[in-house]
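Visitor: Residue-level listing of the chains:
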Amino acid sequence: MKTSTPRLGFSFGRLWTIGRNTMTEVIRQKFFYILLVFGLVVIASSRFFAQFSSAEQIKFIKDFSLAAMTVFGALIAMVGTAELLPLELENRTIYPILAKPVHRAEFLLGKFAGMAMLLLLTILLMSLIFEGLLLYTEHQLLAGAAANASAPGAEVSAQEIAGQILHQTRDPALLKAIFLIGIKALIVCAISLLISTFATSVIFNVISSVIIYICGHLEAGARQASLGDQSPIVRGLMLVVAFFVPDLSAFNLADAVVLGQHIPLRLVANTAAYGIFYAAIALALAILIFQEKEI
Amino acid sequence: MHAIATRSLTKHFRSTWRRRVVGLDHLNFAVRENEVYGLLGPNGSGKSTTLKLILGLYQPSEGEADIFGMSVERTVSRTSVGYLPENPYFYRYLTGAETVRFFGRLCGMRGRRLEEKVSELLALVGLEAHRDRRLAGYSKGMLQRIGLAQALVHEPRLLLLDEPTAGVDPIGSIEIRDLILKLRGMGKTILLCSHLLDQVQDVCDRIGILHYGKMILEGDVKSLLARKDQFQFTCEGLDETARNRVREAIRAAGSRLISEGNPATTLEHLFLQSVRSADREKTAPSKATRPVDLPTAERL
Amino acid sequence: MRKRALLAVALLLLAFAAKGPWEHHLRAQRHARRLGAGESLSVELRARLGQNLAVALLSGFRGIVADFVWLGAHTAWEDQKWYKMREGIELAVLLQPHSISFWDIGAWHFAWNASYGESVNPKYPSDAYRLKVQRDWILAGKAFLERGILNNPESWDLKFKLGWIYYQKLNDPLGAVPWFQQAEADPEAPLYVGRMVGHMFVKGGRHDKAYAWWKRLWFEDHAKHPEQLWYKIAQWGREAEEKLRIPTSQRVFPPVQKKSKIPNSR
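Protein chains in written order, with the working numbering: chain A, 1 to 295; chain B, 1001 to 1300; chain C, 2001 to 2266.
For the record, the hints were derived by calculation from the structure and aren't laboratory data. Since the structure is predicted, the reported quantities are computational estimates derived from the model, not experimental observations. Hints are not guaranteed to be accurate.
With a straight-line cut-off of 27 Å between C-alpha atoms, the simulated DSSO-like cross-links for lysine-lysine are [as the list claims (entries may be wrong)]:
#1 C:K2232 to C:K2215
#2 C:K2224 to C:K2169
#3 C:K2132 to C:K2142
#4 A:K293 to C:K2003
#5 B:K1214 to A:K293
#6 C:K2232 to C:K2209
Covered stretches of chain B (chain A as the covering partner; in silico rule of three or more C-beta atoms under 8 Å from a C-beta of chain A) [unchecked claim]:
#7 1039 to 1049
#8 1069 to 1078
#9 1144 to 1155
#10 1248 to 1254
For each residue, glycine too, the CB sits at the ideal point set by N, CA and C.
Sequences and hints are given; from them, build the entire structure.
Guide: Written as structure tokens, this is what we have:
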């Protein structure tokens, strides 16, 4: 005889418990090693270009650091996320959790939340190192600028030269670039989590994520190619790519920021919203698949 | 209301060659409230499948199952269930206390109530001294006990125990067995799967035997095991003359004497007695060593 | 259960379809602001970049790719391989046409470094030839900056540098004037740009225009630009008044004052 069953609501508390645990789990693995490598790359890039002009030096540091953040953000997202579910299944740690009154959606989203927090922390830390390096370079350049301030007859003040340097090193638009790098990493995380709901092999997951990542940058070209006169199979494939794969090139505003181009806040917000929307779709699909999965 | 009730519960698996393998074949069984039910069967008989279906880890191909009247397909049904998996694995970097606390949080417990529960359960399973040790350093028996603790954290009415004493030493097994009986005394219902038939016999009220996904035998333990065609007396202080008179009385009644002799105690009982005796002597070394006393028969 | 799953899949497909128009909109916005501009990867560009850089370009690391190409140009400069250097610089601006520093420093390499290097190149048959090649490089620098300005009309710096080429390399201070003026019109341009306009008029012998210019600067709000070299402007204005023999009653510039404190840069 069935009684009327009460509903178990969605709980952010449960989600947070799983998320925090996920973060602790992943931190123990690769976090520090990746950071260390990043730190070395970034610092090395400044030493390499010490003989260039201030504008060139600052451009190189920004280009390299933002690219490193993009790459390592995406790498951590891909590799860290790809392992989450397979490890839980392999180690059977998932059974006592799902035997508790925990919705599968809460479990999956908790995993995502844990990775998201970890990515946030990683990017924050990388940003601090990046900023530290910029300030150090700024200090060195300003000391040099004071020494040779004027073009002949123009009597340029050291203050004016300093102003130009500070304008480049203390550009708040860098935050916009870093923010979008973070959103991009979240998208990659969501995609990787989706793949892990149906693929058991971690390697397959990482390779697929890499392919999707590259396709995501070609996406705009793919749409055009699908309209051009290629063979129907190629056009069909391009259309599939264009339909499902996110346009990751939209998040590459780092180049524009480094070049000093103005990027309206509205564009940043719109792009971020698109990224969150895509991640939400991917997660929704992942939840659907995971709910039917036999574990 | 039954604690667990299944109706035509069926599970098919697809093997690699797309052949359908029957995991569970229209299973109908029920576990009454406040009983200890033993689910037995050879490997591959469907015991784990049954547990996973009850816990919602698998979707049934046909049929349905309820826990206290709530369909197992609803997540809310698991508020009433605690599960100890076979060979339990938890996050190795968490300590014993952190593990129980983690599961408590998943069940919505917080704050002081959770902390008190954690301490209470660790004391109950005898792991208070190891609460701050990482699980990576726990023995199998200790992991089993932590498994029990997390299964009990949210005070469930029903417990599913999969091989609760596997890999545990005899003393630990006795303690777990005593705990199961204590939990029944507290009003809980227990469904347990085990290959250790002696232990099942000692603790279960009813048993069911699965084979090829079907229930082939089910019933009350005592009545199933009783050999109705034979009767047994066990007595003390019978000398040889008296024994002869008894043998004669049996023959006169037309019955056949099947066996006679000193009954054996169980190996488990012998082990327990020896170890406890040694423990006592360790705490009181000045007393003279006494030989181990073997009782002739003793029901625990 | 099945119905719910089907509904969910339908919703998801709808969501995926919605992403297309959204992407198109974002792309249009970026295109309107010329963000992410630069040559797309073609077979020709791929050949010029080589395999690794082509992949990096594909993966969205345009800035790094351009930096590496620029490194190559820099090395060519150090080796005095002027045509190889030019190739690298041209490729860098092809990849990142909105990099002001590429246009700026590239033009400097052409108009200063290459032109000087060629002017002392012993391989050339005569001084006349060396002079011609030197001038060709200067003109190349000028044309390069003009292209840079076309690509980046909002850059005061490139206009200033073009004016500088007119002044320093073409000995045409009056030719520099319109470029310095265009640069000065940008509110982000530093104050020395404005002062250069006046100097160019003086160098070109147009003291009347120089005087008009110093007056224009002088009557700007002093409080708005405390870092401006007001005392110097007063001095130059005074000098112009002397040169042009402006009647005392009509003179606007005060007598030369002591140098006022310019706040330090740090």
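Visitor: Hints first: check each against the structure and report whether it holds.
Guide: The hints, checked one at a time:
For the proposed pair K2232 (chain C) and K2215 (chain C), the alpha carbon gap of about 12 Å is at most 27 Å, so the pair holds. With a C-alpha separation of about 34 Å, the suggested pairing of K2224 (chain C) with K2169 (chain C) is violated against the 27 Å cut-off. With a CA separation close to 15 Å, the supplied pair K2132 (chain C) and K2142 (chain C) stays within the 27 Å bound. With a C-alpha separation of about 17 Å, the suggested pairing of K293 (chain A) with K2003 (chain C) holds against the 27 Å cut-off.
For the suggested pair K1214 (chain B) and K293 (chain A), the alpha carbons sit about 25 Å apart, so the restraint of at most 27 Å is met. This hinted pair checks out: K2232 (chain C) and K2209 (chain C) have alpha carbons roughly 17 Å apart, not beyond 27 Å. Only when three residues or more bring their CB closer than 8 Å to a CB of chain A does the claim for the stretch 1039 to 1049 of chain B stand; here the count is 0, and the claim is violated. Against chain A, the stretch 1069 to 1078 of chain B contributes 8 residues with a C-beta closer than 8 Å to a partner C-beta. That satisfies the three-residue criterion, and the hint holds.
Under a criterion of three residues with beta carbons nearer than 8 Å to beta carbons of chain A, the stated coverage of the stretch 1144 to 1155 of chain B is upheld, 4 such residues being counted. With 0 residues bearing a CB less than 8 Å from a CB of chain A, the stretch 1248 to 1254 of chain B misses the requirement of three and the coverage assertion fails.
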